[in-house]
Amino acid sequence: MADSALPTAPVPQLAQSVRDRSGVRRLRYYGEKLGGSLVSLFAVILTSFFLFRIIPGDPVRTMTHGRPVSIEQQEQLRRDFGLDKSLAEQFWTYLTGVLRFDLGESFQYNRPVTDLIGDRIWPTVLLVGTSVIVSAALGLWLGVRGAWNHGSLGDRVNTGVALTLWSVPSFWLGLILIVIFASGLGWFPTSGMESTGVEGWERIPDVAHHMVLPLVTLVAVVYAQYLMIMRSSLLDEMGSDYIVTARAKGLRDVIVRRRHAVPNALLPTVTLIFVNLGFVVFGAVLVETIFSWPGLGQLFYSGLSVPDLPLVQGLFILFSAAVILMNLVADLLYPVLDPRVRP
Amino acid sequence: MNGLVWARRRRTAARFWSQYRQNRAGVFGLVVLALFVLTALLAPVLTADNALSVTRPPGSPLQGPSADFLLGTDRSGRSMIDLIIWGSRVSLTVGFWATFISIAFGTLFGILAGHFGGWGSSLLMRVTDWFLVMPSLVLGVALAAVLGRSLTTIIVAIGVTSWPTTARLVRAQTLAVEARPYIERARALGGGHLHVMSNHVLPNVMPIVLAQTTLMVGSAILTESTFAFLGLGDPTTASWGATIQAARDVGAVSSRMWWYILPPGIAIVLVVLAFTLVGRAIEGVLNPKLRER
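Sequence lines, in order, name chains F and C.
For the first sequence, this note's numbering gives the first residue as 5, with consecutive numbering after it.
For the second sequence, this note's numbering gives the first residue as 1460, with consecutive numbering after it.
No lab work stands behind these hints: they were computed from the structure.
Hints should not be assumed to be uniformly reliable.
Part of the chain F face toward chain C, derived, beta carbon under 7 Å [claimed, not checked]: (1) Ala-212; (2) Gly-282; (3) Val-316.
Label pairs and their computed distance ranges (CB to CB) [to be verified]: (4) C:Ser-1714 with F:Val-165: 25 to 33 Å; (5) C:Ala-1507 with F:Val-202: 51 to 59 Å; (6) F:Arg-160 with C:Leu-1669: 22 to 30 Å; (7) F:Ala-212 with C:Leu-1669: 41 to 49 Å; (8) F:Pro-339 with C:Pro-1694: 24 to 32 Å; (9) F:Gly-201 with C:Gly-1607: 41 to 49 Å; (10) F:Leu-31 with C:Ala-1563: 37 to 45 Å; (11) C:Ala-1472 with F:Gly-243: 25 to 33 Å.
Quick caveat: nothing in here was measured; it's all calculated off a predicted structure.
Cβ atoms here follow ideal geometry from the backbone N, Cα and C, with glycine treated the same way.
Bound conformation, chain F alone:
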């Protein structure tokens, strides 16, 4: 009896210590990811200071180049930007400003950059968000189909179309769509986000109507990549032993695909979707410019030609921070999606 009592005692302890250790590991995983993102964010802030303060030499001259600005006005601008102080002081002012979400004042709009961003952020979130969801759904679905029937006519056509669309400049595609469907057939508006005089609930179908062409343009250039990655990562999985086993068990094709192959192939693709957000954001700059969509991309474009350095700098920091943040979210979500990554 005493013998049987002996081995039972350490077992709960062992379980406890394993649980402790896995808790520590999990905390360390999240801590590492969070720390990495913070370092990246700091690198962005540093890069941005270097890019917009150091490289131009004299930012005021860069901005006022070819404009009727008197010497006194230039001096005033230099004082406004704090260019008369030492570089270290400038960096400190800039850093504390960014951390307090103070991104300076736009040169061409004479308004704080943060206010401008606040006015313009939602149209971009709507357009980029919708296009990421649509292109991810489309790309994953076509990618799974292509890999499962690889080598078939449908697969070859799909891959060909995707590769071609991948080579298409998005701004050109947008212009062609406007020529055909907006100014040609008159099915969709040529620009803007809303018609004037539309109020209340009527606004939803109106905005949707305006969004069709920008959305199609953005999705067309983005989905191809998701398709190719999903297709190749599923093809990798299809050669695995566990798929053969699942088939040998006599499982139906749909079940093998949905329960066994796709979940394992999903992770690389999901990673790519988040890593590629920067690419989508840049696509939004072009598409918003073409379609006069009143978002951040159009704002960025309007800042480029001046160049309105505080505005371009603020948007650069915002875009980078958004991409970093979304990647952090993805990193924190992976353990939920895929047990193999679970710390």
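We have chain F already, so just place chain C on it with the hints.
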């Protein structure tokens, strides 16, 4: 000894080509590429002296396709065909130089990081990660805006923002190569760092770099057209992207002047697609696992 080496290299090249030939899309890409390179080289022969002149243009502005100008004329009265021909020079030049910068940096940093290891390597990879996580095209555009408009600016902006992908790839390949026993043999026989990196690692990394290069030229050309369209290029060069921007400026979209918008875009798509197909075909030859796809 030297003869033997060359014979072996010839055999490898012949084997490479016979495998490459089986990829029909790759051969198609190669033919398209050859045509564009030829066009770019022969541009002065194919067009008249005043083809690009704004002051003495060959035709009247904004004319639709006719017997004289098969694809019509632009806003200054220049033939669209001539503009496309000269544009191929700009695109290929930018594509090659930007890729050269990017591949040179990427390969150098990748090999160094893979070969030496230690904290220097982690620092290098950390820097690479910073670049990877930043939206590189936004960074490139901002850089081009700060540096001022010119073709060189675009080349530098694309090159500087696109090297990290290559660096990652090359580092992985370097680590794989350095794990092989013959590297240990070379070290044991007294080969220094430089010898190992240049004589053993580099030749083994080159094939994967070649595939990456081809793919990158395509995407650099696409990026160039985008930057030119955003007005960051040299206003006096007739690049394809700049031509599309000019078309938009004169209202070609609302007045449906398709001959002004369509041809430069199609040229971009063809060149980029050709580079992509060739790059994928090379990848397929190097990595037989990919070939069945």
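Discussion item. Tell me the hint numbers this structure goes against, listed in increasing order.
Written reply: Of the numbered hints, 1 and 8 do not hold.
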